[in-house]
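**Student:** What follows is the residue order along each chain.
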Amino acid sequence: MTRAWLIAAVFFVAGCKKPSAPPSAPDADWLAGRAVTRGAPKNGGTLTVRLAIEPAGLTRLHDAFAEGTMTRITVGPIYQTLGGGLSSASESSVDHLTTRVTLRDGVTFHDGTPFTSADVKATLETILDEKNATSVLRSSLETLASVEAPDGRTVVLRWSRPYVFAEETLLNAVPIMPAHALMGDWDTLPIHRAPIGTGPYRFEKWEPGVALTYVKADARAHVQRIVFRFVKDETAAQTSWERGDFDVMTKISPAAWRAMEKQPWAWQQYQPVRFAENTYAWLGFNQRLPMFRDAKTRRALALLYPAQLVAKHVTLELEAQTTCPYYPPSKSCDASVTPLPFDPVQAQQLLSEAGWKRVDGVLQREGTKFTFAFLVPAQSVRMAKVLPLYLDTLKAAGIDARIETVDVSAYMSRVRPHDFEAIALSWASPTEQQDNFQNFHSSQAEVGSNFVGYVSPEVDALLEKIRVTWNVAERQALERQVHRLVYDEQAYLFLTRPPTLDAFKRGVQNVQPSLAWYDLASLWVEP
Amino acid sequence: MKRYLARRLLLMMPTFVGITLLTFVVAQWAPGDPFQLDLETAGPSQQVIDAQRAARGLDAPLPVQFGRWFSRVVRFDFGRSFVDQREVTQKLSEALPRTGRIAGLALLFGFGLAVPLGVQLAVHRRRRWARWLEFTLVAAWSVPSFWLAVLLLTFFSEWFPVQGGVVLPVICLTWPTLVVATRQVRSAMTDALGQDYVKAARARGIPERRVVWRHALRNSLLPVVTMLGLHLPHLVGGSVVIERIFSIPGMGLLAFEAIGSRDYPTVMGAATVMALVTMLSMLLVDLAYAFIDPRIRLEKAS
Amino acid sequence: MKTLDRRGRAWLMVLAVLVAVALGADLLASDLPLLARVDGKTWVLPCVTRPAQLIGKTPDWALRTPIPFGPLQTVASTGEVRELPPPWAPDEAHWLGTDELGRDVAARLIHGARVSLFVAFFTMLIALAVGLLVGGASGYLGGFTDAVLSRVLEVMQTFPLVFFLIALMAVLRTQSLWPLVIALGLTRWTEVARLVRAEVLSLSTREFVLAARALGASPARIIGRHLLPNALGPVLVVTTFGVGSAILLETALSFLGIGVAPPTASWGELLTEAHRTLQYPGAWWLAVFPGLAIAGTVLTVNGLGEALRRTLHTSRREAANG
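Residue numbers (my numbering), protein chains in the order written: chain W, 22 to 548; chain Y, 1379 to 1680; chain V, -7 to 314.
The following block holds chain W by itself, in its conformation from the complex (with noise of 0.2 Å):
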């Protein structure tokens, strides 16, 4: 009897799981990850958004705030830059020294007051003011030599010498605040806690650690609220995704994605939405060490690494390879550049070119054994997949590689100093535009983001160059010899474009991905 009761509660249990619809096989697609618009626009409804970081506040000009993507997604609803519907024209001098920018009628931003140009003077003054912890954007306008406001309607910006990405950076990465938000101690305003833009979302409430929540502002927007809830471990936001829990699923591991395939929930009620960003990770050799000055032995570092594995095995054949320090689609990239193999043979060689012998089984060169730790930050999940392969084909070759991991603050201030020996990385864009100066230039060796310490007099003149040539053709053109020669000289072990897999549920349309994520406002949800 007993059993009975078993076996029927397990069939009761079996009949709940069962999904109402029968279940169809993924299309091309949304294999492909393709997203597909249906129907016409709809307004309201909700849309919850999983964030894997809560961002540390919502002005982005703030450096601790800097946190790269996440704040751009979080505040992207609420802010426009001048370049993003707040000007209505803008002209430079033939010397590019002044930037003259005509500002549109009737904006106003979300708590009532009018958008004027004492609102572009008072958000770059802040910028420029030395005080505020505002650098990041800073260094990017340190040739902004003042901000005048004429009239109402005009912002006449001078500049102390020409760069080509100043107006950029002026234009598209600028987010304008009201001025008078913006008075009193720059660390502590509300603004801050409680941001106030002229973007088609407006801010209703913050719970923190737990939720972010937009409501719709005017109807540049379709869904009435969006809601941001901060969860941080994979597991809890996995299994809340499987619930349904969220409209937009995000930073899904390539893992979680391949599986997503064979699982009916996430083929009936998700539409999976796979684009590349302007992004690439890089494995970095710290170039001040006589161990890996010569460009051969980084060759040879470069031919040894086991890019098809790593494809298979890690990164499962969703990101492609990369060369380029630029946006690999646009012209900025040298298509005739093409990866290094994975060659242990050639390596080898390589090596002995270099110097280096083997020695019971161990390269040496000088003296010195071939031996070096790659530093990477604790959390780093993809590089404690990767590594652990390419120590094993080093270990091959006779190179005696290891992993030291560290908290990711320490991280910071051990690659800061270059107090490392190999390191793992990767830069991010928000724009197709790129300024590879901090990178790769030698005056940035010491303080920029040149960690690697990488030093080439012909790169460094491209780089020059790059900055004051405003005939893009002209300017892509350099930047092909910047990535020929990088990619020559190993400056970088570039290694692959990690592209952003989210989930979107079934009934949101017209999701369109761009290089600064998604439009959210451009959404709608069906019923």
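Everything labelled a hint here was simulated from the structure, so no lab data went into it.
Here chain Y is said to cover these stretches of chain W; the calculated rule only asks that three of the stretch's residues, wherever they fall, bring their Cβ under 8 Å from a Cβ of chain Y: (1) 207 to 217; (2) 221 to 232; (3) 254 to 267.
In silico negatives: residues of chain V with every beta carbon more than 10 Å from chain Y: (4) R74; (5) E75; (6) D83; (7) E199; (8) R217.
Taking lysine-lysine and the DSBU-like style, the derived pairs with C-alpha atoms no more than 35 Å apart in a straight line are: (9) K333/W / K272/W; (10) K49/V / K378/W; (11) K49/V / K333/W; (12) K33/V / K378/W; (13) K49/V / K390/W; (14) K49/V / K317/W; (15) K237/W / K63/W; (16) K63/W / K272/W; (17) K142/W / K486/W; (18) K33/V / K390/W; (19) K352/W / K333/W; (20) K390/W / K378/W.
Ideal Cβ placement from N, Cα and C applies to all residues, glycine included.
With chain W's structure known, arrange chains Y and V on it following the hints.
**Tutor:** Same frame as chain W, but now just chains Y and V:
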């Protein structure tokens, strides 16, 4: 009693200073700087970082920094977080109730169930089922708590909300408390049941039920109460893993993340509050002791 | 003192086997053979000595370890290719399956035993040493020393353990296991110290100690000959249980990303990796085997502790009655 209480409170002072000092030293030790920024960006110059440090008084010698900090702590002012510039007191007041809720419930259920269970195990200790139950309890305690949490999350998340729910995290926290407390009650009861006064009570013809639940239990509660006090810091601190898995932004997670970003004001605020809570609970335990066992009161007062 | 009962001896046997596996990890699972002949030269136990000369050489003949994989060997060095990428389920080649890089779970588990048991044992050894010293001094010397040490003890007890560990690990973390051992040890000694202090206090008033003191024995002799041996029983019980919780604590630290640094295989690290790969539906072997190893070991240690407690209890009762 009053004098005893006063003496206890006086003794808490050096402990409190010791804890704040320990936190301060540990926090200062850790390599890394709160003003080292995201490497994705170009980053500020050294002068800017130095100015930031000076503005927050981080350039002063360590003893001076500690002195300043301590004088503010006494006024319950922990300053502002280096990360998001919010008042640390505010952050703590959000996190503490969340941890308090799950830890309190875990303590309640853990000890609430442990007493009857432990007594039964002691009374029936020679029975086979009691032995098996005990073995099961020990076996269950041997499972890592995060593993239990992940299993619960994977198999029972359909019935309980993952975010904001208390059922699953409370089960995870209750579990080890229950096992440890049950064994404590069991062994104390076993001892008590063999004592002369229990035998005497039985000999006087007092019903067995009354002997067990009144005479024996009252005396075996003492070590259990001690354990309760010592267990609290484990619950508060040990909840980091549970809070992480169930996305509860409580004290454990707050402190953990603050250490990760070298957010010293938050780190030290969290540690101080946790220490205070623990010290208060130890004091309560001592008072409960005195309440349960009048002998101690006399002994200590003299 | 009475010897262990039958159940206690059984647990001790199981623990001895575990320790033997941990110590002999290199003989049980290694990428190098037990005995090999390479280029006309015979190598004895290269799996233990790990000569660099053998890298990339194919031996003429070799006697392999029972599990012919090292704990860190990925597909990049085993060269295994199958139709589907790993994780591979248990089969004849990999008895307990592999993880997603093709690393053999059995090999990692065996080498992980060495790491986890090393950490647990040495943690408690440090805790024991510090605890005996502080507790003994506090209990025996009394007065001002006791007052100060008691405060220190209270500070350590009140301070949230995990919190202290996190900070300490951030400071000390290297590839070596010692920082972890020291950090864990420094958080676990308070229990021992408390117990030793209480034992010493109660023993100090017993006749045989008073007699020794009256006979003019030196404090060192009284502590060494009379107090410590008598206090050792309960301390041993607590320490044994401590080994179990140290193993569990190690897993929690690994989960938080501050334990043994990867790629070193500890049990906690294995379980954490399994947790990260939960997205591979059906790869149960990644989670089940490390979980069983941890639970089994902690259970064994606790069983032993329980048996020690029983033994102690009986011998004390006998002493009291006799």
